[in-house]
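*Asks:* So the chains spell out like this:
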Amino acid sequence: MTSVRGILSDIERRSIGGRIITSFFLLTLVVVGLAYIFPFVFAFTAGLKTSSEIFDPGLHLFPRQAHWENYAEAWRRFNMTGMFLNTIYVALGGTIGRLLVSAMAAYSLSRLKPAGQTLIQTLILVTLTVPMIAYLIPLYLTLTNLPVLHISLINKYWGLWLPYSVSAFHVMVLKNSFDQIPQDYYDAAAIDGASPLRMFLSLTLPLSSSILLVLGLLTFVGIWGDFLLPLLILRDSSLQTVSVRLYTLTRSFPMNLQMAGAFLGMIPPALAVLFLQRHMRGGLTF
Amino acid sequence: MNLSFPIKKWERLLQRQKVRDQINAYLFLLPALGLFALFSWYPILKTVLYSFQKVGLRGPAGWVGLNNYVRLLGNPAFAIAWRNVLDFVILSIIFGFMVPIVLALMINEMRRYGYIFQVVTYLPTLIPVAIALLVWRFIYAPEGGILNSTLKAVGLPSQLWLQNPKLVKFSLIIIMTWMGAGGSVLIYLAALKEINVEVYEAAELDGFSPWQRILYITLPLIRTRMAIMLVLQIIFVSQVFTEPFILTMGGPGNSTLTPVLEMYRAAFERSDFGLASAWSVSLLMVLGVFSAIYVGLTRRSEASRFS
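As you go down the protein sequences, you meet chains A and B in turn. At position 286 of the first sequence (counting the first as 1) the number is 286 in my numbering, and the numbers step up by one without a gap. At position 101 of the second sequence (counting the first as 1) the number is 101 in my numbering, and the numbers step up by one without a gap.
The hints are simulated quantities; they were obtained by calculation from the structure and are not laboratory data. Be aware that a few hints might be false.
What follows is a list of derived Cβ distance ranges for each label pair [stated by the list, open to error]:
| hint | chain 1 | residue 1 | chain 2 | residue 2 | range |
| --- | --- | --- | --- | --- | --- |
| 1 | A | 41 | B | 223 | 33 to 39 Å |
| 2 | A | 41 | B | 83 | 33 to 39 Å |
| 3 | A | 192 | B | 34 | 28 to 34 Å |
| 4 | A | 155 | B | 14 | 51 to 57 Å |
| 5 | A | 16 | B | 206 | 20 to 26 Å |
| 6 | A | 66 | B | 34 | 52 to 58 Å |
Listed next, the in silico DSS-like pairs over lysine-lysine satisfying Cα-Cα at most 30 Å (straight line) [claimed, not checked]:
| hint | chain 1 | residue 1 | chain 2 | residue 2 |
| --- | --- | --- | --- | --- |
| 7 | B | 166 | A | 113 |
| 8 | B | 166 | B | 152 |
| 9 | A | 175 | A | 113 |
| 10 | A | 175 | B | 18 |
| 11 | A | 113 | B | 8 |
| 12 | B | 169 | B | 152 |
| 13 | B | 18 | A | 113 |
| 14 | A | 156 | B | 54 |
| 15 | B | 8 | B | 18 |
| 16 | A | 175 | B | 193 |
C-beta: ideal position from N, C-alpha, C; glycine also.
For reference, chain A alone in the conformation it holds in the complex (with noise of 0.2 Å):
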């Protein structure tokens, strides 16, 4: 029997020497937590002071008298209802594309043996070591101009869902996923007559949904967050996702409204980790 312990065991926990030793460990996470949330609790409070309050001398985190009107005016000299809608249009769009692109990618090399797979998982797996910052010009140069359409997706969300469907990530680690479905479940099916259309919607996605959920979520707001593509695609400002429109629009706004707008750029990826929580808990990694 294994019991539960790290590297201290529970009668030297008990001791004085190991609850000292805990303690401080304790007090040093507690410290590191706080300081790990301040920005988040100062952007909150500036965004509540007037604009002179907030470059007053002297230390004060919170403000005189709470100016909530603040976060109503940044919303609305923000627009941030179409910023918000923007981001969720982009991020969805883009999470979208890539589970299913990636998904279907790793259903053909995990169950349907594609002639070559070798080399198809050789050269996907090479983009892996590639990121995406070090061949942006051409990425960019062939967003302007397709190659055969010769359209320009500049100021269009496929400039952004197509892109963003292309990840060597997501078909490694959901290959990995489907290749632990049990073949037998396959055969069954098989004999059955189910297609291969129907395998993977009625057995493999089914069977993969909590990984398909996080990955999921994770790929939401980790594009919900990205700057420098849509920074250069997006040229429109009436198109721009909460991430470039905060960075290129608030620097001509007073601070409070600035950090006002930020606190509420921040809300919605933070509450993802509401979630997330529950699976670190069972101790997931990504």
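With chain A fixed as given, assemble chain B onto it according to the hints.
*Replies:* Showing chain B alone in chain A's frame:
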């Protein structure tokens, strides 16, 4: 009895089935192959080709041999940018690399509520970088920034966090550690959970103190994971862009100029895509070396998984 007819028919059916299987397999692969070709393989190849060409807004306009590379190496920015990356790497080994290990070791000793700290350190990784940097810019602000207000309140001189060439790299590394440590903490915690507690029990019986257990058992057992994280860290830091782009624009005095930032400027401010591609290739070469090390390390860790 004639058996040959049904067997031949079977063979033909099998053959047809094989072709149909391959068609199905490739139909599922088709979207991925098309998109990888268009937005990954083709641009990677193009980067290398462009680096030998004169490329403007309208696309390639003739081969120029090694001209782009001559201009790249002749530009003082090349040495400065890579020197800065080296500084960032050294600083990030002290902070970005060590901090998650220490945090994970501490969180691992928490019986209850350990996951709360895990969640808290993970939170910044989810936040849009550009938005978090807006907040950090104000935290570091010379006047009214909370950091200088705090220093003044305790009687210390205020600092120009982003304007002093001696401090600015340190200031950026603090932000990067804040944003990146959470993911590493998760990975280290998983590695710590994999260690069989019986090893600790045995060591305790043999009279190993807690520190000796960390030094002689824990750290050696997560050594490969640490090496992998270190290489990933270097790969990540070599691509620093958003922090200097939003906070310092490479300044003060080029002290936060990075290869990707200079590549961005060459391409999108001066429309010199050929030179920018030469920058990319220099980045590709550095990343290629470390990616190869990374692949080698992950192979080895899979081969010798401790259980």
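*Asks:* Now, for every hint given, state plainly whether the structure supports it.
*Replies:* Okay, the hints, checked on the actual structure:
1. A hinted range of 33 to 39 Å for the beta carbons of residue 41 (chain A) and residue 223 (chain B) is consistent with their spacing of about 37 Å.
2. A hinted range of 33 to 39 Å for the beta carbons of residue 41 (chain A) and residue 83 (chain B) is consistent with their spacing of about 37 Å.
3. For residue 192 (chain A) and residue 34 (chain B), the Cβ-Cβ distance of about 32 Å falls inside the hinted range of 28 to 34 Å, so the restraint holds.
4. The supplied range of 51 to 57 Å is met by residue 155 (chain A) and residue 14 (chain B), whose beta-carbon atoms lie about 52 Å from each other.
5. Taken as a hint, the range 20 to 26 Å holds for the pair residue 16 (chain A) and residue 206 (chain B), whose Cβ atoms sit roughly 23 Å apart.
6. Between residue 66 (chain A) and residue 34 (chain B) the Cβ separation comes to about 54 Å, which falls inside the hinted range of 52 to 58 Å.
7. For the hint linking residue 166 (chain B) to residue 113 (chain A), the alpha-carbon distance of about 57 Å lies beyond 30 Å, and the restraint is violated.
8. Proposed proximity of residue 166 (chain B) and residue 152 (chain B) is supported: the alpha carbons are some 20 Å apart, at most 30 Å.
9. At roughly 12 Å between alpha-carbon atoms, residue 175 (chain A) and residue 113 (chain A) fall within 30 Å of each other, so this suggested pair holds.
10. Straight-line distance between C-alpha atoms of residue 175 (chain A) and residue 18 (chain B) comes to about 22 Å, which keeps the hinted pair within the 30 Å bound.
11. With a C-alpha separation of about 25 Å, the suggested pairing of residue 113 (chain A) with residue 8 (chain B) holds against the 30 Å cut-off.
12. For the hint linking residue 169 (chain B) to residue 152 (chain B), the alpha-carbon distance of about 22 Å falls within 30 Å, and the restraint holds.
13. Restraint check for residue 18 (chain B) and residue 113 (chain A): the C-alpha separation of about 10 Å stays at or below 30 Å, so the hint holds.
14. At most 30 Å may separate the alpha-carbon atoms for a hinted pair to count; residue 156 (chain A) and residue 54 (chain B) meet this at roughly 28 Å.
15. The suggested pairing of residue 8 (chain B) with residue 18 (chain B) holds, with an alpha-carbon distance near 15 Å, which does not exceed 30 Å.
16. Proposed proximity of residue 175 (chain A) and residue 193 (chain B) is supported: the alpha carbons are some 25 Å apart, at most 30 Å.
Hint 7 alone, counting from the list given before, is not met by this structure.
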